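Using the hints provided, position chains D and Z relative to the given structure of chain E.
Listed here are the chains, written in short residue letters.
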Amino acid sequence: MGLSRRGLMATAIVSPWLMRAGDALAQGIQPKRGGTLTTIVNPEPPVLHVGVNNQAPTLIVGGKIFQGLLRYSAKLEPMPELAKSWEVSADGLEYTFHLQENVKFHDGQPMTAEDVVFSIMKFHMEVSPRARGVFARIKEGVAVDANTVKFVLSAPFEPFLLMFDVTVSAIVPKHLFDGQDYRQAPAVQKPIGTGPFRFVEWQRGNFIRLERFDGYWKPGQPYLDSIIYRVVPDSQSRRLALETGQVQLTQSNDIEPFDVPQMRARPNLEVQTAGWEYFGPLMWLELNHRVKPLDDVRVRKALAHAVNRDFIAQRLWFGIGKPATGPVASSTRFYDASAKMPAYNVEAAKKLLDEAGLKPNGQGVRFTIRHLSLPYGEVFTRLGEFLRQSLRQVGVDLQLESVDVGTWAQRTANWEFDTTINYLYQYGDPTLGVERSYVSTNIKKILFSNVAGYANPKVDALFTQARDAADPKARQAAFSEVQKLLVEEVPLVWLMEMAFPTIYDRKLNNVITSGAGVHASFDDVFLA
Amino acid sequence: MKEFWRNFARNRGAVVGLAILLGVLALALLAPLLYPGSPWDMAGMPFAPPGEMGMLLGTDSLGRDVAAGIAHGARVSLLVGAVSTVVALVIGVSLGAFAGYLGGWADDVVMRFTEFFQTIPSFVLAILLVAIFTPTIGSIVFAIAVVSWPPVARVVRAEFLSLRSREFVQASEVLGKSRLSIVFGDILPNALSPIVVLASLMVASAILLESALSFLGLGDPNMMSWGFLIGSGRSVIRIAWWMSVFPGIAIFLTVLSLNLVGEGLSDALNPRLTRNRGGKA
Amino acid sequence: MGASKLPGYLLGRVVKAAIVVLAIVVCNFFLIHAAPGDPASIIAGQSGAADAKFLEQLRAQFGLDQPLHVQLWLYLKGVLTLDLGFSHRQQMPVSTLLWDRLPATLLLTGAAFLFAVGLGVTMGALAARRVGTWGDSVITVLALAFYATPLFWVGLMLVLLFSVTLEWLPSFGMASVGVEMSGLEAVLDVGRHLILPGLTLGLFYVAVYARLTRATMLEVADQDFVKTARAKGVPEGRILRRHILRNALLPVITFAGIQAGQLVGGSILVETVFAWPGIGRLAFEALLARDYQVLMGVFFCTSVMVVLFNLVTDLLYALVDPRVEASA
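These protein sequence lines are chains E, D and Z, in that order. All residue numbers for the first sequence refer to this note's numbering, where the first residue is 2 and numbers rise by one. All residue numbers for the second sequence refer to this note's numbering, where the first residue is 771 and numbers rise by one. All residue numbers for the third sequence refer to this note's numbering, where the first residue is 412 and numbers rise by one.
Chain E with its partners taken away, still in its complex shape:
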């Protein structure tokens, strides 16, 4: 059994910031106060309040202003943040969090157990679809005393402890939201959290400025005086900004994969792809099972055989990310390496299509399907073109349709596609981030549901079994079985475990210290 699983159940009391200070010392660098970090945010977020909006840029900037109860290591072990320790009862139903002392919001009000209960039980239940799905299992949430919170679940839910990152359930001030429409409260425009940096200024289309919060609960921290997020919509300008030192850090999609090799070559820059383990984004070719012949498992297998996933990872993404092996990303818990999807094999693909009765016509075309390109930038367009050429090799004619984001979202949600590309976060646990794409109960006209329309009672049953089991061993057994089943059925053609390059000036320290990478609070980041 991996450390991570036991770690989740056990009471963990460590002091990671001491640990991290130790890391820095080990490199011979003493944390230094002062300095401004200028970086990039792209695209510009609509609002900065985590929870009200959960787009990646909002989470990255909001992660400095707000904090969650916990944070997570690259192996997804929970670490203290606003909760300094926690206990889980033997039956897996009661979770007790002991909060840090002297935590203040940016408006000077103390953060108490009441705020935590409000945030979890009311705020996120109301605004966040992701939190809502899990927190609905909380039977009772109470503030035991000013610094202790207890949640009682209606049934055991083993991945519960993964739900307390700032990106899922940030702690918000009750006194600024209670009794109001949460989405339209004034505090949405002027976010007030407990994080090391407070919101100061936002010139739309230009920059967002955060400044050091002097009342931060960790003494002496944060080290930086301020963080400026500049809005730079063009990828080449972003690259230039990094090269010329106008910004010291880029993250997420800021730098296109094909520019990364040249950034690696620059001696003053550090390139990392770690820091996305908590999210585990997996990309796949979405297949609409309502469209013939995609309902035929032989055809789906043939498509999987026809695509060279190494080429995608190496040539299109330049090694940022790795080929997918199945429905669960390798960084996600309960990943089973023995479940392997069909390998790249053009002959096998042709044979399967022959067996399915799809013979090539005069032009060598067996059947024609449409492909809705994902409008997320250059490299996804290339991916569509690559898939078209790959499938053409086995006699499948893929007609590309390029659309803008709005059209893509609408048509994908409404099942108006034959094939498309999609990538979803797995949030560290298959129950949280994998199940939703395969179970028949989630076949809905909504994005990120089972839009493929794949239905298999056995798969449904296994996911339910894994979800409800309190024992990690039982969960592993069910997840292993479902992974083996899915790689046989190929409901979707998994393509790549995505990663995003975090590139920063070597003077910057402690940028990536957790499985959530640049979403972290940056209270320990300093410029040497």
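Please keep in mind that the hints were generated in silico from the structure rather than gathered at the bench. Be careful, since some hints might not be right.
Below, a sample of chain Z positions facing chain E; criterion: calculated Cβ distance under 7 Å [unchecked claim]:
no., residue
1, GLY456
2, GLN501
3, THR724
The calculated label-pair distances, taken between Cβ atoms and stated as ranges, are [as the list claims (entries may be wrong)]:
no., chain 1, residue 1, chain 2, residue 2, range
4, E, LYS219, Z, LEU525, 52 to 58 Å
5, Z, LEU537, E, GLN315, 32 to 38 Å
6, Z, VAL575, D, LEU872, 52 to 58 Å
7, E, GLN315, D, ALA779, 32 to 38 Å
8, D, ASN992, E, VAL201, 45 to 51 Å
One side only, chain Z facing chain E, incomplete, derived with CB under 7 Å [stated by the list, open to error]:
no., residue
9, HIS444
10, ALA445
11, PRO447
12, ALA461
13, ASP462
14, GLN472
15, ARG500
16, SER506
17, ARG512
18, SER582
19, PHE583
20, SER587
21, VAL588
22, THR683
23, LEU699
24, ARG701
These numbers were taken from a predicted model, which means no experiment stands behind them. Ideal placement from N, C-alpha and C gives every residue a C-beta, glycine not left out.
Coordinates of chains D and Z only, in the frame set by chain E:
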């Protein structure tokens, strides 16, 4: 006709332009012979510089032959440019002539209609139209035509407004010529030179507009156009300059030739000016 | 046109303009709503998670659950009282967003416009005077080269030269951020940021003005009243200024009027490449996010601008060309 050609040929730039234009047309027509197979085929290593791996102009990020792309792209780009310009001219000239000659309420209605189209930022309108109808070659041509005609209408109207009070028009009116014959027989030929100049610029801007749409991911993904090539080369400009330089040169040469030809036409169509010019030269 | 007729003429034009603007508002409304997708589905898409309740909440909050004609009515009512609505996506009044971004675009396009007209008309006039010579050819080809080279390419090359290689000018943004500056320093700072995007945007239009000026000047130069002037022995320089250039400016003015409407559209690419916080990018981002209210606000704003500009154009016509009467 012979005289027209002589007038045209007197302008040496126009002859050069015509030669280039014919060359581009030949490239478009001969593309399937020069580069058989699909321009989308991944023929070599990605980012091979020009001259390497037997690729005259290098390869792109997927190892596709840039030269093949330019040859096949010529067909699509010229088609988009020509068709959308013709459509825009038909709309613009008829509305502009109508408004400028009749004046009064007709002018008012047409100009309000034109204003209506001009007030919406054309690029945004084009994007909106392409987004609504999904990007296909047809919707792109349609969108370009819809946003391109107002300048034609306005220029034609201005010309008509200024020409209709000229002596020769008044003379025709006195002679009792029909309005239609005055508009098309007397005024339009005299208003042709700005229209021809405008049209040649419009073909070019249509090609550029298509490239801008392509660059924003709103090109027809099944059609290899110069716009597509530039769009896809743009973000890797620091890695593979040849991907945007060569299609850029193709566009540049085509636009240049169209303009030179347009100028020659304008000279040939406007004999008074040519005589003057011939006298000076 | 007599001075006494002017107020009535203006009033008539303003009433007509108001009708055009209103028609634009209505048509834009339907056009924008005809695009597939809505702001709620996009936010859901970008958030990576959604459920039915989430979409329902958003649509109710955005007022999208109301029938289309009710939404239109509410919007029109707002516009008539100069209330451009509220961007629910950004949780801000549209007018605030517009006022924040409009000055940046006006600055950029104004600078580019002056540069384009100044250089373009000069080049055109020079070429026309030396028609048929090498000087003419060089100017013509130069103007064409500006025109035929894609905007982003020019922009990128300028950046590579002036920002990367020479390190003279900043490559993006409108001002230095996080630096304390005095008034004059701040102005100079913005000026430095303005050079590259202004040049990039302006170069494109230089060609238009140069070619137009050249073409019309040649045409006017051959007309009877010029010949008459020449026969009367008016000095050549005076003919050029008073007779030829003045009349040749007509199509140039027409184009300037047209450009007003294209200010926003043309600046989208430049604002994107140079991270210029203007209204063009706002419109483009609003379109992609289906932020209906913001997009309609931009359209409303530009339509008012263009209508005003056209009015000025028409008045200028009457002033420059005595043959043309402003028809009320």
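How the hints compare with the structure:
With a cut of 7 Å, the hint placing Z:GLY456 at the interface with chain E holds, because the nearest CB-to-CB distance is about 4 Å. For Z:GLN501, the suggested interface contact is upheld, since its CB lies about 5 Å from the closest CB of chain E, less than 7 Å. Taking 7 Å as the C-beta contact cut-off toward chain E, the hint placing Z:THR724 at the interface is violated, the least distance being around 30 Å. Against the hinted window of 52 to 58 Å, the Cβ-Cβ separation of E:LYS219 and Z:LEU525 comes to about 54 Å, which satisfies the hint.
Taking the beta carbon of each, Z:LEU537 and E:GLN315 are about 55 Å apart, not inside 32 to 38 Å as hinted. For Z:VAL575 paired with D:LEU872, a C-beta distance near 57 Å keeps the hint of 52 to 58 Å intact. In this structure the hint that E:GLN315 and D:ALA779 lie 32 to 38 Å apart at CB is violated, the actual value being about 57 Å. Evaluation of the 45 to 51 Å hint for D:ASN992 and E:VAL201 yields a pass: the beta carbon distance comes to about 49 Å.
With its C-beta approaching chain E no nearer than about 12 Å, Z:HIS444 sits outside the 7 Å limit, and its interface hint is violated. For Z:ALA445, the suggested interface contact is broken, since its CB lies about 12 Å from the closest CB of chain E, more than 7 Å. Residue-level restraint check for Z:PRO447 holds (minimum Cβ-Cβ distance to chain E is 4 Å; threshold 7 Å). Hint on Z:ALA461 holds. Least Cβ distance to chain E is approximately 5 Å, under the 7 Å limit.
At about 4 Å, the closest approach between the beta carbon of Z:ASP462 and any beta carbon in chain E falls short of 7 Å, and the interface hint on this residue holds. The closest approach between the C-beta of Z:GLN472 and any C-beta of chain E is roughly 6 Å, which is under the 7 Å cut-off, so the hint is satisfied. With a cut of 7 Å, the hint placing Z:ARG500 at the interface with chain E holds, because the nearest CB-to-CB distance is about 5 Å. Below 7 Å, beta-carbon pairs count as interface contacts, and Z:SER506 has none with chain E, the closest being about 13 Å; its hint is therefore violated.
Hint status for Z:ARG512: holds, given a least beta-carbon distance of 6 Å to chain E, under 7 Å. Using the Cβ-Cβ criterion of 7 Å, the hint placing Z:SER582 at the interface with chain E is satisfied: the shortest such distance is roughly 5 Å. Because the beta carbon of Z:PHE583 sits about 5 Å from the nearest beta carbon in chain E, less than 7 Å, this interface hint is met. Taken as an interface hint, Z:SER587 does not check out: its beta carbon lies about 10 Å from the nearest beta carbon of chain E, beyond 7 Å.
At a threshold of 7 Å, the smallest CB-CB gap from Z:VAL588 to chain E is about 5 Å, leaving the interface hint in force. The beta carbon of Z:THR683 is positioned within 7 Å of a beta carbon in chain E (closest approach about 5 Å), and the interface hint is therefore held. At its closest, the beta carbon of Z:LEU699 sits 5 Å from a beta carbon of chain E; the interface hint therefore holds under the 7 Å criterion. Given hint, Z:ARG701 at the interface with chain E, holds; its Cβ is 5 Å from that chain's nearest Cβ, closer than 7 Å.
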